[in-house]
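With chain A held as given, fit chain B with the ligands onto it using these hints.
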Amino acid sequence: MLEFRKDLFADERDDNLNVIGKGEQRQDMLGHVTGRTRFFDDHGFDGLLHLKVVRSPHHHARIRSIDVSAAERAPGVKRVIRAQDVPVNKNTLLSLIGFGKDDEPTLAVDKVRYKGEPIVAIIADSDAEAMAAVKLVRVSYDPLPTVFDVQEALKPGAVVVNETYPGNYFEYHDKYDHQKLRFGDVEAAFRSADHVLEERYQMSPIEHASTETNGTIAAPETNNRYVVHSCAQGLFFSLGTTAKILALESNRLHFIGGTVGGGFGGKVDSLTEPLAVLGAMLTGRPVRYVLGREEEMQFGSPRGAERHVIKDGVMRDGRIVARQITSYFDAGAYTRLTSYGVVKCVAHMPGPYTIPNVRGDAYCVFTNRVPATAMRGFGVTGVDFSIEVQMDKLAHLVGIDPMEFRILNAYRDGDMKAHRRVAHNTALIECVQVAAQKVNWPLSETARRASSLSGGGGPRATIPPTVTDEGGRIGRPETRQAPPRLTPGAGASLPAYQPQPAIPVHQPPPAHQPVAPLPSYPSQPATAAPLPAPAPPVPAPPAAPQHGAARFSSVFTRRR
Amino acid sequence: MARMPVQFRLNGSDRAVFVEPAETLLGTIRRGLGDFAPKFGCGQGTCGVCTVLVDGEPRLGCLTLSVTCEGRSIETASGLADGPTLHPLQAAFMEHFAAQCGFCTPGMLMAAKALLDRNPDPTRVEVVEAIAGNICRCTGYEPIINAILAAAQQRGARRA
Ligand code: FES
Ligand code: FES
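As you go down the protein sequences, you meet chains A and B in turn. Here the first sequence is numbered in the numbering used here, starting from 5 and rising by one per residue. Here the second sequence is numbered in the numbering used here, starting from 5 and rising by one per residue.
So that you can see chain B by itself, here it is in the shape it has in the complex:
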């Protein structure tokens, strides 16, 4: 089938790429553009390791068709840090041991970023809801929840 051109912003840079009509955003980001931060875990929308932000909203890369992303702004965990300076969520994940194998981490971070961007001061329950679609098989969710809450707190402190 004919490949189609798509343009979008990926972590702040304009990218143009040819995609198959049925190609997923996850496939395009990983194999098409070489950003391997979002992962493949199921391809069925059940695990969340493919989570990226599309115009600030968390989206499952494995269930999003690339052709629907024309003109949008995509963020992945590769774009979280500001040069050598870690995003507060990244620092908090390190500090709170919120990863073991690290396979779920890029997706968790993006789900958490979407939450904090629209709700800088979430409750524990809101954090739990925000990552409810992200499976972690190693770490257990408590350190992850604690890390996200700590990042929110730290950002709040910085703003104040």
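In isolation and in its complexed conformation, chain A is listed as follows:
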């Protein structure tokens, strides 16, 4: 079994992995300050051509006809690329790992499914000529009804956005309309709870807005290969995607990149690589395809919108006894990476808390919006935000300090998570303790003494009898048993859920104001201690391991 806990802290190791906590010059910094760092666009080529695309002005429309004759005759135009010129004009990004069906064309064929979808590409001698020719392409459309709301899109009879997925939901394992998590019996627990709170959280799409926009320069190279200067965050991912779309052996693509002018997830979709390489193939010349800022902001894939509906049952003493989460991810018109974000979301239900009854349902929904993609913890950030806001509301409802409320419900080592995995290396309690201490937030003695390392497991390691759905689906039978060492007798009559020693309920709810600093915890070095003189890393004493908040504050005290 892997043990990561101690390895995180450089000053607790006795080996030489001790870089954390010290300034260390980055190897790319000199290039940055001298202007010599080469981003994808910082490469000169003789005879460089420029590619621009015609984009859909409609959110959803059937394409009746496309007339490129005027554009083809426009000054400087070298080549017009149509959907039929793209060798494999249907792809889904995660097909490289065999996940999902091909659902997105590089250039739209008979229908556009979001505003901004590329339809025709124009390659010309200059940017300006390419842009002028884009305006000469005549596309006639039959606008179609649209759907922009995730829950509307799931209703029977809703407009079909993406025919690959006629139900407007991504199909997991080719048959399930969503991802499901079941643990215990939430309905029974709601009935027995002292309070039930249901709230709805809605996230907006977010554009990454990196200072460098998406783009690629591709050029014919020796030996019938193509050199590709790419902004991709996942260079080989993009290489594989390009090779698939262009039906090329991947060894004919020489991708150069890794120097990204800000990505944050917005440069993993291979938005420009396939067309730039196709342009170089068709013209035999270097081709540059760079999104303008407006294109980037409007049509570059954002973090998708999410909706989370959370319903919790909580007891007067602060224990959460049931949590139900229904999540809707707006994938936009095509899957891209949202299907994966949904899986991550379900893995983060019900948050870092031990709750004996959990029900989770998460949908990856298609709408007529710009396809969504990765962004900094996507799939997780939205649901975690919602859960934590919900935790504050619950704490308020039962009149318990929100920090103590989290400690009370926090998972601990040995607890069974709703995913039927035993929790290891949990650290929420210590995080809350350190956070409280940093802002002089008063915690009760019980909360300060709490530890992730004690109080978990035992009855908290058991899997409750779980209500099955109509199809009897709640996960594979072999995963319903906890490891034997943790649940002797699991499967027999299950002991009642036993909470941690209750934290005294504050009545009335305390005003959440910082008060005078608490005395430091006995085992803890003072946070204001001066930086120790450089010393060799001290091995952690094996017999007296430092646990709890002290172990975390070592990180802070060493920071400059």
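I should point out that these hints are in silico values taken from the structure, not numbers from a laboratory. Among the hints, a few may not be true.
[Claimed, not checked] Each computed SDA-like pair below joins lysine to any residue, with the alpha-carbon atoms no more than 25 Å apart:
| hint | chain 1 | residue 1 | chain 2 | residue 2 |
| --- | --- | --- | --- | --- |
| 1 | A | K26 | B | Y145 |
| 2 | A | K139 | B | P25 |
| 3 | A | K184 | A | Q206 |
| 4 | A | K139 | B | G49 |
| 5 | A | K94 | A | A251 |
| 6 | A | K105 | A | Q155 |
| 7 | A | K26 | B | E99 |
Just so we're clear, the structure is a prediction, and the values are computed from it rather than from any experiment.
Structure of chain B with the ligands alone, referenced to chain A:
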């Protein structure tokens, strides 16, 4: 349209180049002359990554027509270092971790240089104002401001 000849100094060397009448200084410096230090971020004057100095004044290369630069002196981040010796601003940016992806850095450096050249001892507020037109999406502005202040201090110390 007929291309027009333009001459200017770029980082101390005389350069002559033919440009389109509507060509931007950013395009001329990058694709015409091969100095890729100034970047393209928006082409709309909103991000500042194209900032260069024209006769010592910070200018947005994406909104400056090359034909208006006849006879002027242009500076980019490529010309900041004196051979292997870094400009104090460059050294301070390294020291203070004032870059992550580095895409905004050449523009930031030029905006900062214009400030220090006319005001060797700026206040924090003056630094903030000087880089107000330069967007950084990665680093956060504090390390950048600190680096510029540190460079000013170091230059002052050297003069004293
Ligand atoms: S590229 Fe000139 S301000 Fe953005
Ligand atoms: S370092 Fe990336 S934009 Fe400033």
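To see whether the hints hold, each was checked on the structure:
1. K26(A) with Y145(B): This hinted pair holds, its Cα atoms lying about 21 Å apart.
2. K139(A) with P25(B): 22 Å, holds
3. K184(A) with Q206(A): 20 Å, holds
4. K139(A) with G49(B): Given pair K139(A), G49(B) holds - Cα atoms ~24 Å apart, limit 25 Å.
5. K94(A) with A251(A): Roughly 12 Å between the alpha carbons, so the hint for K94(A) and A251(A) holds.
6. K105(A) with Q155(A): 22 Å, holds
7. K26(A) with E99(B): 13 Å, holds
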